[in-house]
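Each chain, letter by letter, is given below.
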Amino acid sequence: MVSMLAEESLLEVCAIETHSLEDYEAEPPRWCKGCGDHGVLAALQRVLRKNNVDPENVVSVSGIGCSSRLPHYLKTYGFHGIHGRALPIATGVRLSRPELPVIVIMGDGDCFSIGGNHWLHAIRYNINAVVLVLDNEVYALTKMQASPTTPDGWKTNTTPRGTYLHPLNPLSAVMGMTNISFVAQTATWLPAHLDETIDKAWDHHGLSFVRILQRCPVFMPKAFGEGGLNFPVVFLEHADGIPIHPLLRKRGAVQAHDHRDINEAQRVAVTADPAPMGLVYQNPDVPAYEEIRWQRQDRPDHQTFLRRLEAEMDRYTVT
Amino acid sequence: MPGPRRIRLPEHTLEIVSDAGEGAQKAAVAFAQLCAKAGNGLWTVEIIPSEIRPPPHTTGSASGNRIRLAERSRVTNAGNRANVVLAFNEMALLSRLEANSLADDVLVLIDDQWATHEMEQYRRSYREVLDRFRSGAAKIIEVPLEKETLRHVEDAQRGKNMFAVGLLCALYSKDPNVLDEVIRGIFKDKTQQVVEVAVKLAAAGHQYGMAHLEECFEIPSSQSEVPKVAMNGNTALALGAISAGFELCSMYPITPATSASHSLSEIFEDFGGFVHQAEDEIAAIGVALGASYAGKTALTITSGPGMALKTEFQGLAVMTETPLVIVDVQRGGPSTGLPTKIEQSDLLHALYGAPGDAPKVVIAPSTVEECYYILSVARKIAEELRMLVIVLSDANLATGQQLFDRPDVSKTPPRPPLDLSPVPLGTLPYDWDPTTGLSQRLIPGQPGGMGVTTSLNHDRDGKACYDSERNERGHAMRSRKLATLQQSLKPPTVHGASEGDLLLVGWGSTRGAVEEAVDMARAEGLAVSSVHIQFLSPLPPGLKNIFRRFRRVTTVELNYSDDWSDPLITEENRRYGQLAWLLRAATLIDVDCFAKVPGRPYMPVEILDEIKRVLDVQPALAAPGPARAANEGVN
Ligand SMILES: Cc1ncc(C[n+]2csc(CCOP(=O)(O)OP(=O)(O)O)c2C)c(N)n1
Ligand code: SF4
Numbered sequence: 240m241v242s243m244l245a246e247e248s249l250l251e252v253c254a255i256e257t258h259s260l261e262d263y264e265a266e267p268p269r270w271c272k273g274c275g276d277h278g279v280l281a282a283l284q285r286v287l288r289k290n291n292v293d294p295e296n297v298v299s300v301s302g303i304g305c306s307s308r309l310p311h312y313l314k315t316y317g318f319h320g321i322h323g324r325a326l327p328i329a330t331g332v333r334l335s336r337p338e339l340p341v342i343v344i345m346g347d348g349d350c351f352s353i354g355g356n357h358w359l360h361a362i363r364y365n366i367n368a369v370v371l372v373l374d375n376e377v378y379a380l381t382k383m384q385a386s387p388t389t390p391d392g393w394k395t396n397t398t399p400r401g402t403y404l405h406p407l408n409p410l411s412a413v414m415g416m417t418n419i420s421f422v423a424q425t426a427t428w429l430p431a432h433l434d435e436t437i438d439k440a441w442d443h444h445g446l447s448f449v450r451i452l453q454r455c456p457v458f459m460p461k462a463f464g465e466g467g468l469n470f471p472v473v474f475l476e477h478a479d480g481i482p483i484h485p486l487l488r489k490r491g492a493v494q495a496h497d498h499r500d501i502n503e504a505q506r507v508a509v510t511a512d513p514a515p516m517g518l519v520y521q522n523p524d525v526p527a528y529e530e531i532r533w534q535r536q537d538r539p540d541h542q543t544f545l546r547r548l549e550a551e552m553d554r555y556t557v558t
Numbered sequence: 007m008p009g010p011r012r013i014r015l016p017e018h019t020l021e022i023v024s025d026a027g028e029g030a031q032k033a034a035v036a037f038a039q040l041c042a043k044a045g046n047g048l049w050t051v052e053i054i055p056s057e058i059r060p061p062p063h064t065t066g067s068a069s070g071n072r073i074r075l076a077e078r079s080r081v082t083n084a085g086n087r088a089n090v091v092l093a094f095n096e097m098a099l100l101s102r103l104e105a106n107s108l109a110d111d112v113l114v115l116i117d118d119q120w121a122t123h124e125m126e127q128y129r130r131s132y133r134e135v136l137d138r139f140r141s142g143a144a145k146i147i148e149v150p151l152e153k154e155t156l157r158h159v160e161d162a163q164r165g166k167n168m169f170a171v172g173l174l175c176a177l178y179s180k181d182p183n184v185l186d187e188v189i190r191g192i193f194k195d196k197t198q199q200v201v202e203v204a205v206k207l208a209a210a211g212h213q214y215g216m217a218h219l220e221e222c223f224e225i226p227s228s229q230s231e232v233p234k235v236a237m238n239g240n241t242a243l244a245l246g247a248i249s250a251g252f253e254l255c256s257m258y259p260i261t262p263a264t265s266a267s268h269s270l271s272e273i274f275e276d277f278g279g280f281v282h283q284a285e286d287e288i289a290a291i292g293v294a295l296g297a298s299y300a301g302k303t304a305l306t307i308t309s310g311p312g313m314a315l316k317t318e319f320q321g322l323a324v325m326t327e328t329p330l331v332i333v334d335v336q337r338g339g340p341s342t343g344l345p346t347k348i349e350q351s352d353l354l355h356a357l358y359g360a361p362g363d364a365p366k367v368v369i370a371p372s373t374v375e376e377c378y379y380i381l382s383v384a385r386k387i388a389e390e391l392r393m394l395v396i397v398l399s400d401a402n403l404a405t406g407q408q409l410f411d412r413p414d415v416s417k418t419p420p421r422p423p424l425d426l427s428p429v430p431l432g433t434l435p436y437d438w439d440p441t442t443g444l445s446q447r448l449i450p451g452q453p454g455g456m457g458v459t460t461s462l463n464h465d466r467d468g469k470a471c472y473d474s475e476r477n478e479r480g481h482a483m484r485s486r487k488l489a490t491l492q493q494s495l496k497p498p499t500v501h502g503a504s505e506g507d508l509l510l511v512g513w514g515s516t517r518g519a520v521e522e523a524v525d526m527a528r529a530e531g532l533a534v535s536s537v538h539i540q541f542l543s544p545l546p547p548g549l550k551n552i553f554r555r556f557r558r559v560t561t562v563e564l565n566y567s568d569d570w571s572d573p574l575i576t577e578e579n580r581r582y583g584q585l586a587w588l589l590r591a592a593t594l595i596d597v598d599c600f601a602k603v604p605g606r607p608y609m610p611v612e613i614l615d616e617i618k619r620v621l622d623v624q625p626a627l628a629a630p631g632p633a634r635a636a637n638e639g640v641n
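Sequence order for the protein chains is F and U. Going by the numbering used here, the first sequence opens with residue 240, and the numbers climb by one from there. Going by the numbering used here, the second sequence opens with residue 7, and the numbers climb by one from there.
Keep in mind the hints are simulated off the structure, nothing from the lab. There could be a bad hint or two in this list.
Below, computed lysine to any residue pairings styled on SDA-like, alpha-carbon distance capped at 20 Å [said to hold, decoys possible]: (1) LYS469/U - PRO268/F; (2) LYS272/F - LEU380/F; (3) LYS469/U - PRO267/F; (4) LYS206/U - GLU224/U; (5) LYS469/U - HIS322/F; (6) LYS417/U - ASP293/F; (7) LYS469/U - PRO539/F; (8) LYS417/U - LYS272/F; (9) LYS194/U - GLU261/F; (10) LYS417/U - PRO267/F; (11) LYS469/U - HIS541/F; (12) LYS417/U - PRO539/F; (13) LYS194/U - GLN384/F; (14) LYS469/U - GLU261/F; (15) LYS469/U - ALA514/F; (16) LYS469/U - LEU380/F; (17) LYS417/U - THR543/F; (18) LYS469/U - ASP553/F.
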């Protein structure tokens, strides 16, 4: 027992010595003061350090938006792509280099609107990646237009008299997708919960879809009950779920939830008020697309490669 | 059996047409293989209805193949108007007449069942169509295709084509034993019973031909030392992708590109590769780009509408200098256009479709053989220059079979393992050589190279920046790579004399027809030459010097241009063919164009007629329209 503890603390010391938080820090972030994106960056850095990941072996991929700047500030390999298209790029990375963990960062417009097709299909592929949607319920980078998740009736620059449609519920959308394997929701004003959720997503084998309710004090100061102050939430509790810090219990009700039960998960997902926080669904047994493909692929040595190529040529040889 | 009288010829062009689903295409594949095995050079073109199930017994339902076979092993195009047509019904036959595809003295072989068919409507139309042919120089042989087939099978629909190919075997004096072998090969996945029926029908067709044909043809073949392969351009692209070392092909189905990914899907996993069918063309290029960013060699294959969807990602590849290859198998546009037919209308789109200044390499194969080799070239350029390379093939190359020297694959180099050696922290991801724009790329997994790759403007350190100086530098460095490549290119060689009255300039699959037309024109004493352009971006050096030696320069391309004689068309508003547009801008020479959208390849005689029209000599075909305004000639 004592020796085990000693070994554990030794490991911890080694880990800390191997990678410090600074190892994951690139240039200072340029988001606004009070922006929830800061918290997500910090949480990610903590999770990477906790798991003692070599920064050169992680790829973060994003689209375009305030949130998509994150790879600039995270010192791993990063790809800041184009609006809505982070998931195909991430799929390409996973398919060709399955040894590299991939983190995908998108905004709500990025993922749910312009990237909607890729969003649904990536879930079906179930690539092994951590997929974080930083949902501030608005298009922030382009200065306050309605996004698919903008609340009912809210005024934005494209809906100056209020939005026309009910907001999209991303959780119920993904819970209807074939091959969904991990769904969780958290918020930037709940840092401990955010850390635990990202950590859980990191450990999941398959596509872990995490919707992070994100404060944007500049364009949506009143969203989420003024940044979480008056925002009704219910924490989902399970022994294997996302731990609920004692302080959190003051911020919302706690509800027992079996995240392995898809029907229960779907029921939880359709309820947006109060917002469910925690692990909504997990099925670790859904195979990942890149693994299916790698299993079926032969990787012949060069001689075999040449022999097979000659055999192909034989098929078309006429004289 | 004395058999028919043999006529020896250096080459022949024939067409086989049936209703869609009656198997003329299969028959043609078998016949083409038979000729290829005998050592004839050949070029085939599919005749494809655009719909899956067009109404039967209509011109729109005609489906089949055109086959040009020759004594010489190198055939470079689909030839002129056909010498022989074998039709399963008169509407299929009529469709070829309407397509202006048949020679005046064509030999028509047609199923005679319609002459006595129970439907009056068919009897009448059969009579009328044949009368049209009889009134000209055509020769007609009515063959009891259906009747004879029914002696061997209950459903003639399933077998007529084999009887037909046996008949052709007799008509072209080929060896029926080889045909037997060919058919067994083609049906190797079918049941024994199906194979035996097919073989029996082919033998019956051959016997019928030997007994009833008065004349037959013999196209001698030149057995070559080098083994030959016969395949279509899409198969060549697929095999070329493998031998070039590609590891991932990401695509979304679109005609006429799809069959390349079919061929690749069949075997790629045995070679350590993947075909990924993405949710759309945007995702397809995104996956390829992601794979390439991660260090693997990736390409995406598509056609016009898919190219349109890929443009934003093209810009991303250019901006991030991620090596990437796109193959665009061009079809008729705009929009859904003519999905199964050839056009060369994506040239300017390939060059300028992506918004912002996005320098990239554009190359085009001109033969099926080049389809095989071009992906090695594309890969090399993409990786060495960290550039986007677009390969423009087309529907003609895609489905046309050609015979060429079997590629020597024994020297294919092994794929090098990924170089993930550490680099000093702070290594610049865009350490541009200021003269060439070239730089070494960093690959995820390389210790020390961590940093962001961004679609935003960036400097040598890869970080986003917005000032004019560093924006100018980024643009200059990306553009400089094209100049670097251009410096390594050779001026194109002129086909024919290096000076004269007219120079034709072509690109892509029109090459064979252009050169053949030039040869015919020169044989008639006309001072015509041609030049073929493989690199469309950057253009090869020396064009202006070549052009200057000719009184006139005209492109030959399969895309739209306004005709001088069209209403309202003036020097100010005339829209030129796309290569002409490019060459005019690049050389400041008054390059004209012969640019049309017939939805099929040019025949050499059509180009010859254009040559004569430009040079004011009597054309071989009926002269089209009024003469256009004088072309000012180049100086
Ligand atoms: C193809 C394309 N369309 C539009 C844009 C403009 N654009 C940039 S970011 C953005 C929306 C950003 O909103 P979101 O994805 O929610 O991210 P946020 O900025 O809120 O983090 C838009 C519309 C673009 N860059 N590219
Ligand atoms: S505008 Fe909003 S989302 Fe963007 S950085 Fe500022 S606070 Fe964050």
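Next on the checklist: So, against the hints stated earlier in the document, which numbers end up violated here?
Outcome noted: 4, 6, 7, 8, 9, 10, 11, 13, 15 and 18
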